[in-house]
Every structure is written in C-alpha cells, then in structure tokens.
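K.L.:
Join the two chains, each given in its own frame, into one complex according to the hints.
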Amino acid sequence: MSRILASAGAEFRIALRNRWVTIAVAMMALFSMVLSATGSAPTGALGADSLSVTVASLTSLAVYLVPLVALLMSFDAVAGEVERGTLPLVLTYPVSRAELLLGKFVAHLAILALAVAVGYAIAAGAALYMDAGATAGLPALLRLFWTSLLLGAAFLAIGYALSAIARRPGAAAGLAIGLWLVMIVLYDLGLLAAVVADGGGYFSTEVFPWLLVGNPADAFRLYNLAASEATAAAAGIGGAAGTIPSAHALASILLWPLAGLVLATLAFRKVTP
Amino acid sequence: MMTTLTLSKVTKTFGTNRALDAVSFSVAPGERVALLGHNGAGKSTLMKIVLGLIPFDDGAVSVLDAAPGSHAARRKVAYLPENVAFHPSLTGLEQLRYYLRLRGENPAQAPALLDKVGLAHAAQRRIGTYSKGMRQRVGLAQALIGNPRLLVLDEPTSGLDPVSRREFYAMLDVLAAEGAAILLSSHALTEVEARTDRIVILSGGVMVANDTLAALRRQAALPIHLQVTARPEQADAVARELDGARMNGIVVDLTCAHDQKLARLGQIAALGAMIDDVEVIPPSLEDLYSHFSRMGEQGTNS
Chain V
1 MSRILASAGA
11 EFRIALRNRW
21 VTIAVAMMAL
31 FSMVLSATGS
41 APTGALGADS
51 LSVTVASLTS
61 LAVYLVPLVA
71 LLMSFDAVAG
81 EVERGTLPLV
91 LTYPVSRAEL
101 LLGKFVAHLA
111 ILALAVAVGY
121 AIAAGAALYM
131 DAGATAGLPA
141 LLRLFWTSLL
151 LGAAFLAIGY
161 ALSAIARRPG
171 AAAGLAIGLW
181 LVMIVLYDLG
191 LLAAVVADGG
201 GYFSTEVFPW
211 LLVGNPADAF
221 RLYNLAASEA
231 TAAAAGIGGA
241 AGTIPSAHAL
251 ASILLWPLAG
261 LVLATLAFRK
271 VTP
Chain P
1001 MMTTLTLSKV
1011 TKTFGTNRAL
1021 DAVSFSVAPG
1031 ERVALLGHNG
1041 AGKSTLMKIV
1051 LGLIPFDDGA
1061 VSVLDAAPGS
1071 HAARRKVAYL
1081 PENVAFHPSL
1091 TGLEQLRYYL
1101 RLRGENPAQA
1111 PALLDKVGLA
1121 HAAQRRIGTY
1131 SKGMRQRVGL
1141 AQALIGNPRL
1151 LVLDEPTSGL
1161 DPVSRREFYA
1171 MLDVLAAEGA
1181 AILLSSHALT
1191 EVEARTDRIV
1201 ILSGGVMVAN
1211 DTLAALRRQA
1221 ALPIHLQVTA
1231 RPEQADAVAR
1241 ELDGARMNGI
1251 VVDLTCAHDQ
1261 KLARLGQIAA
1271 LGAMIDDVEV
1281 IPPSLEDLYS
1291 HFSRMGEQGT
1301 NS
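Line by line, the protein sequences are chains V and P.
Note that my numbering gives residue 113 to position 113 of the first sequence, counting from 1, and the numbers run on in steps of one.
Note that my numbering gives residue 1147 to position 147 of the second sequence, counting from 1, and the numbers run on in steps of one.
So that you can see chain P by itself, here it is in the shape it has in the complex (with noise of 0.2 Å):
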C-alpha cells in the first residue's frame, strides 16, 4: 500500500456553493500534512468526506484502499471534530470507556489514556463540568484507540495552551513514527510549520498549494529577510554600503530574492570588522499562506 489516503478530483457542492473543487491529493503512511484555509475554504468539509460522514459529488477518495466511511476504513481512522463535544453526563472515564468498547478494545486502558493526556485528576468528574481545554483533551484521548492508521484531526490544539500543545505534537510525532498518516487543519500557522511535512492549502474549495514548506518557500519567491546587526557606531555606514534600510541603532534590515541570497551574503561578509551578526529570515508560513491565498482567490475571480 504506497498511500493511506488519496483523494482525486473531489468535487462537493452546497447548492450553488462550490465547497470543494476537483481537489486531489494523498498522504502517505507516516506522513503529517497540514490542512491550511481561511474559515469556509472547505477544510472540514474535506474531512467530513474523508471520514464518510458526508457523500461527495464527483471524483474518487480512497481510505486504506477502501471507501470512505466503510466499516474496514472506520476501524482504521480516528477523527477529532473541531469543538469536540461529548454527554455532558457521563465522566471522562465513562466516555472514554464507552469509545474503546466500540473499537472492541479493552476498556480497562481508558485510565491510562486519560493520563497521557493529562486527565487523570479529572477522570471520575461529569464532562460537563470539563473546560474547553480538558474536552479537547478527551477528545485527543479517544483519537489514540485502537493504534489509527489515519488520523483525522480538525484544529486539534484549539483551546490548549502552549505546553499541551507541545506535548500533543510530540504524540503526534510518535504516531507517525510508528506509520499513522495524519491529516491536521490548523489556524496556529506557527505550530505546524515545525510540526508537519507537507502542507496543503485551500482557498475557496481550491488547492492552491501542496507541497514541502521549503518547496513552497521556492516556489512563492518571497523576500527573504537579512538582518545586518552592525558594531556600535557602525549602522550608517552598513546601511549606506548595503543599501539597505536601518531598522533601529545597530540593525540593517535588507531583502532580497531567493537566488540573490549568496551573493548579499558575500557583500556582508566583505564589510568584515563592520558587521557583528547577521539573521537570515525566510519567508514565514504566514507569509506563504497570505500569498498563495490571494492566488487562489485571483484564480477563482478570474
């Protein structure tokens, strides 16, 4: 099997709206693809087809070499809804009791689950007494069962602060070592460009990118950023020899294309005893996303 999950030409339509256009792409066993999109771009409706929880119109998906929504492929793939909701009545321990009998596994793991995700102390409490957070937490709890072979994961770290959010990514990390496919939409463009090795963007139900951040970087020919930090009393010269802006005392702020970068740096290290540090600053995910975005939108107006 070369793919967990491949979707071809997927087209899905709300009325007149075009939720998704002939979108295709796949993600390979042990992989991590971000999902990117503004709100409405059709991340989640794309997730909700995955999982079969809603048909499609033209096109093809294939989960695990079986169809979306099949029992073969529902064994096989964990999902966790945006705003994960659960019976406000039953405790964690219960709830996640209950979720690891349907997957006909033992539920005498439930306690050990709620401690991997930090719940322990909350295990015997209702859900309804729960945070936002602590439900998210069940929530990744109940994606752990039953080792997934997809994992579906819409906004996941939505409500978690910091630290969880690193911990949740280090399970992640785990995950896919051991050859889970994940799929993850996010907003934290940050968190993902660190934690995930491909990245798809949706724009209006388009594709508009999907690819290796650094292939994305390469192809978007955005600026990259040099910052210059000059020896004391040397900014002006810097500024003046460079070319570039002085952002404040000591830094000199330049930017230049991708295949500019060596030759700057040359003239950089030329100035010698001047120049105290320099940063090379890539173009960030943010950046990427605006711009690829806008593409898709001129793409769809045009």
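Chain V extracted, bound-state conformation (with noise of 0.2 Å):
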C-alpha cells in the first residue's frame, strides 16, 4: 500500500508540473458553465427542478469529456516510461507491475475526482441561484459525481492497457483517440443503424440491450437517466433505458474499471524494458 501511495505521490506531482491538473479542471469547469449558462432556459416548461436539468446535460457531457480527460492521462502511462528509459530502474525496486499501475490510477483518478468535482460545482451553484428549489436534484447530482468517477476509472484503466499494448507514445494517443470516437462515438451509430435494420426483431429485443449495457459510456448514461425520470424525460433515450434494469448498468460500470486494470496489468507484464 505504502509503494503505491508512494507511486501515486509522485505521479500527481508531476502531472502538476505538466498542467494536466490544471488543463482537466480548466475544462470541466469551462464546459460546464457553457451548460450552465444555455442549458438555464428551458426549466420551466419541464416541470422539473433546475438542478436535475442541469443533471441531465451534465450526463451528456460527461459520457464525452470524462473518458477523453482519462484517456488522455493515461496512454502515456507505460508509453512514456519506456520512452523515457525509466522503466528498466524502477521495475527493479521491490515494487510489482501491479502497484506501479495502481499508483498512476490512484493519482490520475484523483486528478479526475477534483475536475468533476469542480465542473459539477459551478454548474450545480449555477442552477442552485437561479432556483432555490433545486435542492431536490442534489442526490442526481451526488449520484452523477461518484458514476462519473467510475466511468473515468474504465477509461483510465483502459488506457493503461492501451498504452503498454503501443509500447509508444505516439501509437497509444492514436489507438486511445481511435477507441474514445468509437466507444463513444461510433457505437451508438452503429447500434442505432443496427436497431433500425433490424425492425423490431430479435437483435433488438435480445442482442442490443446487452451491447448497449456492455459499453460503459452507455451503462453510464442509462444508470443516471433510469434513476430519475426528470432526466431521462429531458435527455430523451429514456425508452431505450426502461428495457434495461439499472442494475445491470450499475454492474457494467463497476465491472468495467476491474477489468480494464486486470486487461493493462497483463499487458504490461509483456513490456520487457
């Protein structure tokens, strides 16, 4: 425990020195008084406190930026060290792969708790002001804080295995930007022009639930949306959510940052420096 405190000690000191701390903060909050600031209008004509609003355009933009911000501190995890030549000294010290991988979880998801925390916080103050009813969407929000932690967890633990699978800086950001636009981009597409196909058969009934609770960025938005109807209402897949329980999606994203650090340990045990 202590050499993995002590790993993560100094990995979130240097991702300071390198303003990854500042960029990932500086971004949430951007993007979420952004949200703050458009998303204000509409609350009325929805019947629902404007808190649990701004939840759901949170939700949305969570399902985007959080696994950017993640993948993006971590494919240099074990790229960069191999680059760098540090890799060889450190992996002699009575320190396993495993503890040297937890270390950069621990700091980088530290690093994600304090920009969601901060993001959510102007946003969530924003709407606090404008409607002091708004209190009801505080357990939307609490919930939205530690699922959209978890959701950065897979991704970061993802992008471990992406970046000792690459072995090279260069070749982890390419396949870590490949998998964020299909993860989160394509595969909704293609589940959609799949469902639209398909007409209502077995695929759709049988098949697509489980791809859909199966991505975690989609478990992610159908847990937050099936737990409160207000934003399942404003976000709009509501339908798709009513199919699937939320425990499922709740199972997919705490399932999703196991396997992805068990996926990068075994990757990275393969590096030889």
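One thing to keep in mind: the hints can contain errors.
Stated by the list, open to error - A short list of chain P residues far from chain V (calculated; beta carbon distances all over 12 Å):
#1 1030
#2 1031
#3 1177
#4 1248
Unchecked claim - Now the in silico label distances, taken between C-beta atoms and shown as ranges:
#5 V/83 - P/1223: 46 to 54 Å
#6 P/1088 - V/189: 40 to 48 Å
#7 P/1106 - V/146: 31 to 39 Å
#8 P/1116 - V/64: 50 to 58 Å
#9 P/1070 - V/194: 48 to 56 Å
#10 P/1070 - V/270: 12 to 20 Å
#11 P/1016 - V/85: 23 to 31 Å
#12 V/255 - P/1121: 50 to 58 Å
#13 V/85 - P/1188: 20 to 28 Å
Said to hold, decoys possible - When the alpha-carbon atoms are kept at most 20 Å apart in a straight line, the in silico EDC-like pairs for lysine to aspartate or glutamate are as follows:
#14 P/1132 - V/83
#15 P/1261 - P/1277
#16 P/1116 - P/1105
#17 P/1076 - P/1031
#18 V/270 - V/99
#19 P/1076 - V/99
#20 V/270 - P/1057
#21 P/1132 - P/1115
#22 P/1076 - P/1065
Calculated from the structure, these hints are not laboratory results.
Where a beta carbon is used, it is the ideal one built from N, C-alpha and C, also for glycine.
P.N.:
The following block contains the structure:
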C-alpha cells in the first residue's frame, strides 16, 4: 500500500508540473459554465427543478468529456516510461507492476475527481442560484459524481492497457483517440443503425440491450437516466433505459474499471524493458 | 551463504544472435568484480538477466539464494542502468524520496543521499535541467538506498569527471568493506585496474577470462617492459650490453617474458654505475583485454 501511495504521490506531482491538473480542471469548469449558461432557459417547461435538468445536461457532457480526459491522462503511462527509459530502473525495485499501475491509477483518479467536482460544483451553483427549489436534484448530482468517477476509472484502466500494448507514446495516443471515437461516438450510431435495420426483431429485443449495457459509456448514461425520470425525459433516450434494469447498468460501470485494470496489468507484464 | 551472485552456464539468444553462451561465474560478499567487453559483448544483457528484467534461455542464476527478479532478490539488489533516466519534471529530491519510499525507507534520508553524491546544491531543481553527469549522480544516490547486498552498475562512471570517479570508487570501497558484492561494467580500463578484485571479460557472449588481474597477467604471459634509464652518455653502451632498443637520449627499452624478469633485472644490476634507474612496467589492462578478446574471437570463429 505504501508503495502504491509513493508512486501515486510522484505521479500526481508530475501531472501537476505537466499542467494536466490545470488542463483537466479548466476543461471541466469551462464546459460546465457553458452548459449552465445555455441550459438555464427551458426549466419551467419540463416541470422539473433546474438542478435535475442540469444533471441531465451534465450526464450528456460527462459521457464525452470524462472518457476523453481519462484517456489523455493515461495513454502515456507505460509507453512514456518506455520511451524515457525510466522503466528498467523502477522495475528492479521491490514493487510489482500491478502496484506501479495502481499508483498511477490513484493519482489520475484523484485529478479526475478534482476536475469533475469543480465542474459539477460550478453547474450546481448556477442552478441553485437560479432556482432555490433545486436542492431536490442534489441526490441525482451526487450519483452523477460517483458514476462519473467510475466511468473515468474504466477509461483510465483501458488507457493503461492501450499504453502497454502500444509501447510508444505516439501509437498509444492514436489508439486512445481511436478507442474514444469508436466507444463514445460510433458505437451508438452503429447500434442505432442495426436496430433500424433489424426493425424490432431478435437483435433489437435480445442482443441490443446487452450491447448497450456492455459499453461503459452507455451503461453510465443508462444508469443516471434510469434513476431520474426527469432527466430521462430531458435527455430523450428514456425508452432504451426502460428495457434494461438499472442494476445491470450499475454492474457494468462497476466491473469495467476492474476488468480494465486486469487487462492493463496483463499487458504491462508483457513489456520487457 | 558463500556467494552473493552465482551464474552457471547462462545462455541467452535473441533471434539467431547468441548474446550469452554458457557464462558461469560468481561474486562473493565484499567482492568487486569488473565486467569488461566491447559494445555488444553481452554485458548489459547479463546484467538485465541478473536483475530479472529479461528471461534467459538456459542455465541457472541465483541472487542471494533467490531467483533473479524475485521480490526477495529485488529488496537487496541495487541497479544503476547505463544512461540512467528519470522523469524530467521531478526534482532530484522528489525523485530520491520516491525511490526511498519504494524501498520502504524513510524519505527524510533524501537530502543526505544527495549530499553524499555532491548534488545538495541542485536538490530542488528539476532533473530535466541536470547535465548527464548530474543525472548519473542521482543514479548513484538511488543505488546506495537501503544497504544493498548486491550492486549491479552498468558503466557507473560514464559522464563523471576524474575527481567524481575517485569519490565514486571510494564509496564502492566502503560498501564492499561492509560486505556488499559489486558487479560493474566499464570502458575505462585503467580505473577498473586499481579498484576491483577480479575481472570477467566477455567477448561475443562468451566468457574468455575470469580471474584476478595478477593471475590474468600470468595466464596471458604478455611481455613485460623494463625501462632502463642510463647515466648521461651511457645510453648507447647500455643498449649494447643489454641488447635493447634506445627510446631517447637516456632510456633503453627492454621486453622480456614473465619468467625472465629476474634474470634480466640481474643483468641490469650488474651494469652498476652505468644505470640511473629502472622501471618495471607490467602488461596494462588494455593489453590483457585485447589479448583475451582476440582469443575469444578466435575461439568463436574456429
């Protein structure tokens, strides 16, 4: 444990010096502010408190932004050490590769938590300022916060796996961006196309829900929207959410970080310094 | 425990290239062993095998009675890689604190360690701003952490100035006196000569020599140089008497085999007043090194 904290401490310091902490926090804060400014108008029409509506908008934002920030922080984790030549020395220390990865994971997750907390606090502050009754949306916001961390954790771990597989920072960055594009943007489009082509057949009823819940980003969206009807209404994919038990979605976002870390450790073990 | 490090018939092949071919030797506690060889002779490969960084194909390696790279071995082994690298964003102090924590040592030792390698003034600066010699010192400092029983040092003095080199070898002497075994590689043969107990020479992955410097000199039977300084105006006469070649106005250069050394010295002494001084120059480590390397190459070619 002390070894994990030691590498987490060093890793956090490096991220601070490399401005990653600043970049992540600024990015989340900026997007939240834009969202608050544009999202404050339609409150009355939906009959929900303004914070719940903000949470719905934040959910859509987090699905894109949190995995992106997580992948940007993690793609360099192993490949960067290989390129800098710092790996041989640290691997002769009495520390396991899993512990080294966990150290990076703790540091990166802490940075992500900070960025997400700042971003959401800004949005929540704006909503509460506009609408005193918005405190009804606080549980939804809290849920959004910890599920965002799980989503980030999943993509951090996947990023480490890509980094260990690629072994060069350039290749790892390419893989990370490609993965983000496929899992966040193209995946849903592909599923949508398949559902339309299938026309309500076996695929739509039996396969589609599992494919949807199998993607951590979709599971994250489903869980947050299913838990709050108001937000589901606002986001407009409540229909899909209805067919999948939210426990499945929760299981998916809980299992992905673990599976990702196992995968990353296995890939890291194959790296010879 | 008799030996700290034992290699027996260690073989490693990269593709078709045999990097190490049945290499066997051992290092005892307190012993300083120099590993010599050309670039590509297999020195770094051998070190990485000892550290457990890369697997080997055949043979056996025992590090402090444990498998190389096992947790037990890593706790007691320190390593200084060739061209050691650190994250440029960390300061020397932060980097050493990190390494101390990884070894379960008190991070408060970091300033003292940096002071020991003469980096106290740069402790708060980022390693990205360090020169190669300074990075090498950080590497040395981390190798001193936690009373290691075996130090594996790959070209430890590269990038250091002569004064720092001497300080570094003095540090090694202290560690060896406390019972640490030291395996180091170097290109600077002259500095290894005085500072190590035994020499292992690798040539094309084959171990061609493994002995003390004195024993290697006997084994190689390279000629010994005797430089005789004659009294003024006597150089020609001395050269004639001793059947040697005159180097300059007063020095006569003689070469002889090891077993003729005393007889030759007797002849010189017999000339008495004609001689001002005599210097016995044994074959240098460079001579020995080329001799054994050549033997190794002939061995692998035939």
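K.L.:
All the hints need checking, so say for each whether the structure fits it.
P.N.:
Status of each hint after checking the structure:
{"no.": "1", "hint": "1030", "in the structure": "22 Å, holds"}
{"no.": "2", "hint": "1031", "in the structure": "20 Å, holds"}
{"no.": "3", "hint": "1177", "in the structure": "24 Å, holds"}
{"no.": "4", "hint": "1248", "in the structure": "50 Å, holds"}
{"no.": "5", "hint": "V/83 - P/1223: 46 to 54 Å", "in the structure": "50 Å, holds"}
{"no.": "6", "hint": "P/1088 - V/189: 40 to 48 Å", "in the structure": "41 Å, holds"}
{"no.": "7", "hint": "P/1106 - V/146: 31 to 39 Å", "in the structure": "36 Å, holds"}
{"no.": "8", "hint": "P/1116 - V/64: 50 to 58 Å", "in the structure": "51 Å, holds"}
{"no.": "9", "hint": "P/1070 - V/194: 48 to 56 Å", "in the structure": "50 Å, holds"}
{"no.": "10", "hint": "P/1070 - V/270: 12 to 20 Å", "in the structure": "19 Å, holds"}
{"no.": "11", "hint": "P/1016 - V/85: 23 to 31 Å", "in the structure": "26 Å, holds"}
{"no.": "12", "hint": "V/255 - P/1121: 50 to 58 Å", "in the structure": "51 Å, holds"}
{"no.": "13", "hint": "V/85 - P/1188: 20 to 28 Å", "in the structure": "22 Å, holds"}
{"no.": "14", "hint": "P/1132 - V/83", "in the structure": "17 Å, holds"}
{"no.": "15", "hint": "P/1261 - P/1277", "in the structure": "16 Å, holds"}
{"no.": "16", "hint": "P/1116 - P/1105", "in the structure": "17 Å, holds"}
{"no.": "17", "hint": "P/1076 - P/1031", "in the structure": "16 Å, holds"}
{"no.": "18", "hint": "V/270 - V/99", "in the structure": "15 Å, holds"}
{"no.": "19", "hint": "P/1076 - V/99", "in the structure": "19 Å, holds"}
{"no.": "20", "hint": "V/270 - P/1057", "in the structure": "17 Å, holds"}
{"no.": "21", "hint": "P/1132 - P/1115", "in the structure": "18 Å, holds"}
{"no.": "22", "hint": "P/1076 - P/1065", "in the structure": "11 Å, holds"}
Consistency note: the structure conflicts with none of the earlier hints.
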